[in-house]
Amino acid sequence: MIQTLFLFFAAIAVGAAINVLAQKHVLYSALSLILMLTAVSVLFILLRADFLAVIQVIVYAGAIMVLFIFVIMLLNLPQDEDGADRLRWLKFVGIPLGLFFLFLVVATLWNVESSVDTRSGISGSPVAIGHSLFTDFLLPFEATSLLILIALMGAVIFAKKDL
Amino acid sequence: MIPVGWYLILSAVLFLIGVLGFFTKRNIIALLLSVEIMLNAVNLTFVAFSAQHGQISGQIFVFFVLVVAAAEAAVGLALVIAIFRNRESLNVDRSNLLKW
Numbered sequence: 001m002i003q004t005l006f007l008f009f010a011a012i013a014v015g016a017a018i019n020v021l022a023q024k025h026v027l028y029s030a031l032s033l034i035l036m037l038t039a040v041s042v043l044f045i046l047l048r049a050d051f052l053a054v055i056q057v058i059v060y061a062g063a064i065m066v067l068f069i070f071v072i073m074l075l076n077l078p079q080d081e082d083g084a085d086r087l088r089w090l091k092f093v094g095i096p097l098g099l100f101f102l103f104l105v106v107a108t109l110w111n112v113e114s115s116v117d118t119r120s121g122i123s124g125s126p127v128a129i130g131h132s133l134f135t136d137f138l139l140p141f142e143a144t145s146l147l148i149l150i151a152l153m154g155a156v157i158f159a160k161k162d163l
Numbered sequence: 164m165i166p167v168g169w170y171l172i173l174s175a176v177l178f179l180i181g182v183l184g185f186f187t188k189r190n191i192i193a194l195l196l197s198v199e200i201m202l203n204a205v206n207l208t209f210v211a212f213s214a215q216h217g218q219i220s221g222q223i224f225v226f227f228v229l230v231v232a233a234a235e236a237a238v239g240l241a242l243v244i245a246i247f248r249n250r251e252s253l254n255v256d257r258s259n260l261l262k263w
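First to last, the protein sequences are chains A and B. Using our numbering, you'd call the opening residue of the first sequence number 1 and step up by one each time. Using our numbering, you'd call the opening residue of the second sequence number 164 and step up by one each time.
Isolated chain A, as found in the complex (with noise of 0.2 Å):
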């Protein structure tokens, strides 16, 4: 039951995210990278993550692919800009050694014998997450609140008229 919802999932993801690059349209994309980031969090819950299955949903799907979204309407791109001329060989060249890499790392992983008891072990629930945050990670998450300060001064300059 948990393999067929776990094969369930992991088909819908990694078909939104071939889609995505599938797509001709950025919009389309991002839309389909929604899709992914839902089939996502289902997987987090089966693995017992709560809260970030949670936060995957409102942070990720709800809050970053809105900005994008929003800029992609913004912006009102042309039609059909992804004319590589000078990377075209890329796609030749990069897809099968990327497939080959793919190979090697499931050859590898093929045969890993411990599995992830889904029912017993730790919750990742709010309350285990913001007591390790608030004890062991106190310093990291005081450090991010300066990442984002910088980061939100930086866009703003960024977005400025004259740059």
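These are calculated hints, taken from the structure and not from any lab test. Possibly wrong hints are sitting among the right ones.
Stated by the list, open to error - Simulated DEER-style distance windows between Cβ atoms:
(1) A:Phe141 - B:Glu251: 40 to 46 Å
(2) A:Phe134 - B:Gly217: 19 to 25 Å
(3) B:Gln218 - A:Ile150: 28 to 34 Å
(4) A:Lys91 - B:Gln218: 38 to 44 Å
Unchecked claim - Partner residues are not named here, just some residues of chain A that face chain B (Cβ under 10 Å, in silico):
(5) Gln3
(6) Ala10
(7) Ala13
(8) Ile18
(9) Leu43
(10) Leu46
(11) Phe51
(12) Leu67
(13) Ile72
(14) Leu90
(15) Leu99
(16) Thr108
(17) Glu113
(18) Ile122
(19) Ile148
(20) Gly154
Glycine included, every Cβ here is placed at the ideal spot set by N, Cα and C.
Got chain A; can you put chain B on it based on the hints?
Below, chain B alone, put in the same frame as chain A:
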């Protein structure tokens, strides 16, 4: 009981798709979307190992990756707006001058 290798293989596949997109697409926004795919693949690896080893640290790292991804999206999209305002194009091959 799902073998942890399944999660690792899935995230390797997703990461590879992201890398392929990053190297073959020419639109800046498509490149940013490919980076998001790669970040998600790494997040999945973190959570899978966190569940396997019974440690919460992996999920904390995913939290930080999310924060960095949000900051990256904000700055990256501001740069996209600035580039589009100057070049009227989002093709990265056309933004090949540092200053002109």
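Going down the list of hints, with the structure as the test:
no.: 1; hint: A:Phe141 - B:Glu251: 40 to 46 Å; verdict: holds, 41 Å
no.: 2; hint: A:Phe134 - B:Gly217: 19 to 25 Å; verdict: holds, 20 Å
no.: 3; hint: B:Gln218 - A:Ile150: 28 to 34 Å; verdict: holds, 30 Å
no.: 4; hint: A:Lys91 - B:Gln218: 38 to 44 Å; verdict: holds, 40 Å
no.: 5; hint: Gln3; verdict: holds, 6 Å
no.: 6; hint: Ala10; verdict: holds, 5 Å
no.: 7; hint: Ala13; verdict: holds, 7 Å
no.: 8; hint: Ile18; verdict: holds, 6 Å
no.: 9; hint: Leu43; verdict: holds, 6 Å
no.: 10; hint: Leu46; verdict: holds, 7 Å
no.: 11; hint: Phe51; verdict: holds, 7 Å
no.: 12; hint: Leu67; verdict: holds, 6 Å
no.: 13; hint: Ile72; verdict: holds, 6 Å
no.: 14; hint: Leu90; verdict: holds, 6 Å
no.: 15; hint: Leu99; verdict: holds, 8 Å
no.: 16; hint: Thr108; verdict: holds, 9 Å
no.: 17; hint: Glu113; verdict: holds, 7 Å
no.: 18; hint: Ile122; verdict: holds, 5 Å
no.: 19; hint: Ile148; verdict: holds, 6 Å
no.: 20; hint: Gly154; verdict: holds, 5 Å
When each numbered hint is compared with the structure, no violation occurs for any of them.
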